[in-house]
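Peer 1: Chains as they are written, first to last, in my numbering: chain D, 20 to 282; chain X, 20 to 282.
You may find that some hints are simply not true.
Calculated pairs, DSS-like style, for lysine-lysine (alpha carbon to alpha carbon, straight line, at most 30 Å) [said to hold, decoys possible]:
#  : chain 1 : residue 1 : chain 2 : residue 2
1  : D       : K172      : X       : K192
2  : D       : K259      : X       : K127
3  : X       : K204      : D       : K222
4  : D       : K259      : X       : K204
5  : X       : K204      : X       : K240
6  : X       : K127      : D       : K25
7  : D       : K224      : D       : K208
8  : D       : K259      : D       : K121
9  : X       : K195      : D       : K195
10 : D       : K172      : D       : K259
11 : D       : K192      : X       : K222
12 : D       : K25       : X       : K222
13 : X       : K192      : D       : K195
If you're looking for bench data, these hints aren't it; they were derived computationally from the structure.
2 protein chains.
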Amino acid sequence: MQQPNKINVLTRPSLAEAAALIEKAFAQRRTLIVAGTCSVHYVGRASSTLEPGERILIVKSDGSLLVHRPVGYEPVNWQPSGSIFHVQVKDSGLEVHGVRQKPRENVKVTFSEVLLASALALDDSGEFSLFASEDDMHRAILLKPDLLEEGFKPISWEKKVEPGFVDVYGEDKNGKLVIVEVKRKTATKEAALQLAKYIEPIKAKVNREVRAVLVAPSLGKDVQRLLATLGLEFKALDPKTCAEVLRRTENSKLESFFKPATQ
Amino acid sequence: MQQPNKINVLTRPSLAEAAALIEKAFAQRRTLIVAGTCSVHYVGRASSTLEPGERILIVKSDGSLLVHRPVGYEPVNWQPSGSIFHVQVKDSGLEVHGVRQKPRENVKVTFSEVLLASALALDDSGEFSLFASEDDMHRAILLKPDLLEEGFKPISWEKKVEPGFVDVYGEDKNGKLVIVEVKRKTATKEAALQLAKYIEPIKAKVNREVRAVLVAPSLGKDVQRLLATLGLEFKALDPKTCAEVLRRTENSKLESFFKPATQ
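So here's chain D without its partners, still in its complex pose (with noise of 0.2 Å):
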């Protein structure tokens, strides 16, 4: 019952064996892996060059590749789909050369000695699926605020209002309170409703303009116009969106690269 081509593995194969089993995985639209000694030189947008040292190379079968070292989650190259790769073998070693037309950006990846090469047939059609709850898109809105509008300042969140809790709550760049109800779902006519009757009493209390944003993935039949009536307004944000940020902003480096810096 074993597909005979749906796995070709050497180990340990002179740079020639490896360059024929990585030629036959570019052509087949194989997903290969190397790992070795290599070195690797990016020009493209900003350039880098990575010197000699023992990681892992895989390209898949749309034309994407990683460089991964031994430590840490983040590849040190990378190149999204669409790239074109050949291999030849030349006296600096086995060559991987990855070209990449739109933008334009070159990865060469050389090998002076292959530990491991392996070509796979991978098959993989399973769905992804990520969950966040409310009270994750709540955090996700306290860590990263411009999920819901640039220059908003969260000062609280599950406060006590009567008749309940109000689920973010902040000031705009114009100082302007804003009083955020977050729904994972479609939000229907009840929430807008809901959220009307909670900005009344704060209304009451502050000398100060009040905005009132309901957010949600999507809004129901008519909500929309029930909003505009009651003077309140809608954000679009969906629990995956949250969900990602969630996972990424405490966790990663990436992050650091889309926030100004704050030296």
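Starting from the structure of chain D, add chain X where the hints point.
Peer 2: Then chain X, alone, in the frame of chain D:
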């Protein structure tokens, strides 16, 4: 000259054989590669489920984890370093279980079939160097204006202003004109004086407040005082951050997680 334990490889092992290799890899802090049919369950900040399919699991020596599908450069599941792993064979299959304490996160990869299992002792101390030119830094600020400051809106760049060219030119969130001079190395007194010279003719021409910002990875000795004297500002920004922004902004879906949805 070969290290005998540098690499272990099993092709199409039984689940019990694969589990033995995996257990040893965890005990010896090797880099582990397993390809085969698996499902993935994650619970922590939000939660996710990945239905069965053929993928590549990588667990690195620092306890970081990646699950890669056969397409796309992004992992479908990942964990940063610091997880503790164990493996066991159950009726449901071969379970690789990673637990992280802070934040509490659990990831479970269950293999029903293993095509390839390899444990590698990888040695990598090669330096990674990323290079961006001053022109790359301009482009990064144009692509991601909040690298300069929140609310900055670029209007033009490399604009001819006697006696030369202004690098980037825009408006701040309060409507003031902002002139930006970019240096990719430590900014000198000469850079500060050059910027002061450039803004004079602009101030003379426009009927509004003008700010001038010197952007560089750092300031030379006494340059901060000179800037203050000249009424200029400083923003720390390094070429590496700009290079990453350039690479990620156009290529990466990640980006969308860090921008407010514009729906």
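Peer 1: Now look at each hint and say whether the structure bears it out.
Peer 2: The hints, checked one at a time:
1. As the CA atoms of K172 of chain D and K192 of chain X are separated by approximately 16 Å, the hinted pair is consistent with the 30 Å bound.
2. Proximity of K259 of chain D to K127 of chain X is assessed by CA-CA distance (about 20 Å); at most 30 Å being required, the pair is judged to hold.
3. Taken as a hint, the K204 of chain X and K222 of chain D pair is broken in the structure, with Cα atoms around 52 Å apart against an allowance of 30 Å.
4. Simply put, K259 of chain D and K204 of chain X have alpha-carbon atoms about 40 Å apart, too far for the 30 Å limit, and the pair is violated.
5. For the hint pairing K204 of chain X with K240 of chain X, the CA-to-CA distance comes to about 13 Å; that is within 30 Å, so the pair holds.
6. The suggested pairing of K127 of chain X with K25 of chain D holds, with an alpha-carbon distance near 25 Å, which does not exceed 30 Å.
7. Taking the CA atoms of K224 of chain D and K208 of chain D, the gap is about 26 Å. The hint holds against a cut of 30 Å.
8. Annotation: proposed proximity of K259 of chain D to K121 of chain D holds, straight-line Cα distance about 29 Å (limit 30 Å).
9. Taking the CA atoms of K195 of chain X and K195 of chain D, the gap is near 22 Å; set against the 30 Å cutoff, the hint holds.
10. Distance hint between K172 of chain D and K259 of chain D is fulfilled; the C-alpha atoms sit about 22 Å from each other, no more than 30 Å.
11. Distance restraint check for K192 of chain D and K222 of chain X: the Cα-Cα separation of roughly 28 Å lies within the 30 Å cut-off, and the hinted pair is therefore satisfied.
12. Using a Cα cut-off of 30 Å, the hinted pair K25 of chain D and K222 of chain X is violated, with the two alpha carbons roughly 69 Å apart.
13. At most 30 Å may separate the alpha-carbon atoms for a hinted pair to count; K192 of chain X and K195 of chain D meet this at roughly 16 Å.
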